[in-house]
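Chemist: Residue numbers (numbering that gives the first Met the number 0), protein chains in the order written: chain A, 0 to 97; chain B, 0 to 180.
Just so you know, the hints here were simulated from the structure itself, not pulled from any lab data.
We put the beta carbon where it would ideally sit given N, CA and C, even for glycine.
Misleading hints may appear alongside valid ones.
Straight-line C-alpha distance at most 25 Å; calculated BS3-like pairs for lysine-lysine [unchecked claim]:
no., chain 1, residue 1, chain 2, residue 2
1, A, Lys51, A, Lys74
2, A, Lys51, A, Lys93
3, B, Lys49, B, Lys61
4, A, Lys93, A, Lys54
5, B, Lys61, A, Lys54
6, A, Lys74, A, Lys54
7, B, Lys178, A, Lys74
8, B, Lys61, A, Lys51
9, A, Lys74, A, Lys93
10, B, Lys61, A, Lys93
Listing some non-contacts, in silico: residues in chain A with all C-beta distances to chain B over 10 Å [to be verified]:
no., residue
11, Glu49
12, Ala50
13, Lys51
14, Met57
15, Thr69
16, Gly84
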Amino acid sequence: MTAMPDVLEHVEQAQAHELDQPYILIVWNDPVNLMSYVSFVFRSYFGYSEAKAEKLMMQVHQEGRSVVATGNREKIEADVTAMHGFGLWATLSKADAA
Amino acid sequence: MRGFSASLEAAERQLLRGLFEDVITLLEPEQVPDEDPLWAMVGLDPNGHKEDFAAPSDRATKRLLPDADPDDAAASLEFRRLSERGIRERKIGALREAALLMESGSILLNEQTAPRFAAAVNDVRLVLAERLGLESEEDAERIHAQDDWSKAETVDEYLALVYNFVTWLQESLMQAMLKSL
Numbered sequence: 000m001t002a003m004p005d006v007l008e009h010v011e012q013a014q015a016h017e018l019d020q021p022y023i024l025i026v027w028n029d030p031v032n033l034m035s036y037v038s039f040v041f042r043s044y045f046g047y048s049e050a051k052a053e054k055l056m057m058q059v060h061q062e063g064r065s066v067v068a069t070g071n072r073e074k075i076e077a078d079v080t081a082m083h084g085f086g087l088w089a090t091l092s093k094a095d096a097a
Numbered sequence: 000m001r002g003f004s005a006s007l008e009a010a011e012r013q014l015l016r017g018l019f020e021d022v023i024t025l026l027e028p029e030q031v032p033d034e035d036p037l038w039a040m041v042g043l044d045p046n047g048h049k050e051d052f053a054a055p056s057d058r059a060t061k062r063l064l065p066d067a068d069p070d071d072a073a074a075s076l077e078f079r080r081l082s083e084r085g086i087r088e089r090k091i092g093a094l095r096e097a098a099l100l101m102e103s104g105s106i107l108l109n110e111q112t113a114p115r116f117a118a119a120v121n122d123v124r125l126v127l128a129e130r131l132g133l134e135s136e137e138d139a140e141r142i143h144a145q146d147d148w149s150k151a152e153t154v155d156e157y158l159a160l161v162y163n164f165v166t167w168l169q170e171s172l173m174q175a176m177l178k179s180l
């Protein structure tokens, strides 16, 4: 049997606060990825509708970047990992920094 | 069952197989001879704790594994420590699967394997583009305009034709896959 020292609770609270901060996933334009492929990834991975995926893809293409998802740090890190797996140029930022 | 099929000639399959294998070589993590199997089990980089752990120095490899947070070098490095090995291994898995598919003249993909094949083809294009110095939409148009194999003389001209062939393959696949969503 073990007892949890009281001090740990504060650490967990601090981490939970950090993890709850909103983050954004940004996908950047590059001249290699095909528009059809980017749309496919947005639809199949995020489950976005055809219209939403097309809109985000065109934003990447024309404006150079698009905020494709928002969430806590853990979720956005998982999204970045998935996007890099697909070969998309994706980064994360704190929501207020963008 | 829904799926996709493509017929490729032997020379095309041989070319693609070589390209998939080239990217695998690029992505294979440095072998650490006395690696604790625990590193592999949890998917962490065995070099991650070393002081000189850094982003890949090769530009094409860096394009496949970009910085996660360009405004925060330390956070990007931390992300690499935790995620890069897993991403490399997933990519290598998809590329190996793609290379194996090239053994048959009739390539069959289902809804599970098609996205992995598309990602493998995309990684090949990203590496070829980096080798070709393709950085802008103008570069992309210039390279796209090259379509005559009989006129290819330099390595870059040959690479551009290879790039265009792989692009055509991926676009054809994407059109079919988008219709099936």
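Chemist: Compare the structure with each hint and give your call.
Modeler: Structure-based check of all given hints:
| no. | hint | verdict |
| --- | --- | --- |
| 1 | A:Lys51 to A:Lys74 | holds, 20 Å |
| 2 | A:Lys51 to A:Lys93 | holds, 23 Å |
| 3 | B:Lys49 to B:Lys61 | holds, 19 Å |
| 4 | A:Lys93 to A:Lys54 | holds, 23 Å |
| 5 | B:Lys61 to A:Lys54 | violated, 28 Å |
| 6 | A:Lys74 to A:Lys54 | holds, 22 Å |
| 7 | B:Lys178 to A:Lys74 | violated, 29 Å |
| 8 | B:Lys61 to A:Lys51 | violated, 30 Å |
| 9 | A:Lys74 to A:Lys93 | holds, 13 Å |
| 10 | B:Lys61 to A:Lys93 | holds, 23 Å |
| 11 | Glu49 | violated, 8 Å |
| 12 | Ala50 | holds, 13 Å |
| 13 | Lys51 | holds, 13 Å |
| 14 | Met57 | holds, 14 Å |
| 15 | Thr69 | holds, 15 Å |
| 16 | Gly84 | violated, 5 Å |
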